[in-house]
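J.: Take a look at the letters that make up each chain.
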Amino acid sequence: DGGITQSPKYLFRKEGQNVTLSCEQNLNHDAMYWYRQDPGQGLRLIYYSQIVNDFQKGDIAEGYSVSREKKESFPLTVTSAQKNPTAFYLCASSIQGTRDKNIQYFGAGTRLSVL
Amino acid sequence: GQQVMQIPQYQHVQEGEDFTTYCNSSTTLSNIQWYKQRPGGHPVFLIQLVKSGEVKKQKRLTFQFGEAKKNSSLHITATQTTDVGTYFCAGLNSGYSTLTFGKGTMLLVSP
Numbered sequence: 001d002g003g004i005t006q007s008p009k010y011l012f013r014k015e016g017q018n019v020t021l022s023c024e025q026n027l028n029h030d031a032m033y034w035y036r037q038d039p040g041q042g043l044r045l046i047y048y049s050q051i052v053n054d055f056q057k058g059d060i061a062e063g064y065s066v067s068r069e070k071k072e073s074f075p076l077t078v079t080s081a082q083k084n085p086t087a088f089y090l091c092a093s094s095i096q097g098t099r100d101k102n103i104q105y106f107g108a109g110t111r112l113s114v115l
Numbered sequence: 001g002q003q004v005m006q007i008p009q010y011q012h013v014q015e016g017e018d019f020t021t022y023c024n025s026s027t028t029l030s031n032i033q034w035y036k037q038r039p040g041g042h043p044v045f046l047i048q049l050v051k052s053g054e055v056k057k058q059k060r061l062t063f064q065f066g067e068a069k070k071n072s073s074l075h076i077t078a079t080q081t082t083d084v085g086t087y088f089c090a091g092l093n094s095g096y097s098t099l100t101f102g103k104g105t106m107l108l109v110s111p
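Just so you know, the protein sequences line up as chains A and B, in that order. Position 63 of the first sequence, counted from 1, bears residue number 63 in this note's numbering, the numbering being contiguous throughout. Position 17 of the second sequence, counted from 1, bears residue number 17 in this note's numbering, the numbering being contiguous throughout.
Since the hints were made in silico from the structure, they are not lab data. These numbers come from a predicted model, not from an experiment. Relax, there's no trap hidden among the hints.
Some chain B residues judged to face chain A by a derived CB distance under 8 angstroms, without partners named: (1) Q9; (2) Q48; (3) F88.
Glycine is no exception: its CB is placed at the ideal position from the N, C-alpha and C atoms.
Please model the complete structure; the sequences and the hints are all you need to start from.
T.: Pasting the structure below:
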C-alpha cells in the first residue's frame with residue numbers, strides 16, 4: 001500500500017529540547033516537502049528536497065533542520081531555537097519531471113505541542 | 001514575493017446551497033492546484049489547471065483558471081454535508097519549484 005507515513009501522530013516538546021518528526025514515503029517520489037500549518041494561516045513551506053543529499057530552505061526555515069540521506073526519508077528536526085513550535089506539521093512528496101510534477105501527496109501529519 | 005490570496009476565509013451554507021471560493025495571485029502562474037482538507041485530516045489533491053481560461057468539472061465541483069492565469073475559482077453546486085472542509089488553492093510560478101498556498105476557505109454545511 002503506497003503512501004506517506006508520518007510519525008508520531010502527536011508529540012510533546014519540553015523547553016530547550018530538540019525533537020525529530022519522521023516522514024517516510026514508498027511512492028518513489030523524488031521531491032519531498034515539510035509544511036507547517038497554523039489555524040487560519042494555510043500551509044507554509046519549511047524545507048524541501050528535490051534529490052537525495054540536497055535540500056533548500058522554504059519560507060520559514062529558521063529553527064528547523066532536515067536531512068535527506070535516503071530517497072524514502074525526509075526527517076524534520078524542530079530545534080530549541082524555534083520559539084513557537086506548536087503547530088500541525090505536514091510532510092508531502094511529489095513526482096518530478098512530468099506534467100504532474102508539484103502535485104503534492106500529503107502524510108497524515110504530526111501535531112506538536114510544547115509542555 | 002509570491003502571494004496567493006484566497007477569499008472568503010470562512011463560509012457557512014445550508015445543504016443544497018451553492019458555494020464559491022476565489023483565489024488571486026500577485027503574479028502570473030504556470031498552473032494552479034486545488035486541495036481539500038477535511039476536519040482533522042490532511043490536504044488531498046483535487047485538480048490541477050494549466051491552460052489560460054481552463055474549466056474543469058468533477059461532479060458538482062467546477063474549477064476555473066482565469067484568462068490572465070492570475071486567478072482561479074472553485075464552485076460547488078448544491079452542497080452536501082460531505083463537502084465540509086477547508087479548500088486550498090496553490091499556485092506554481094514560472095521558474096519556481098514550489099507551490100504557494102492560499103490560506104484556505106473553510107466550508108461548513110448545515111443539514
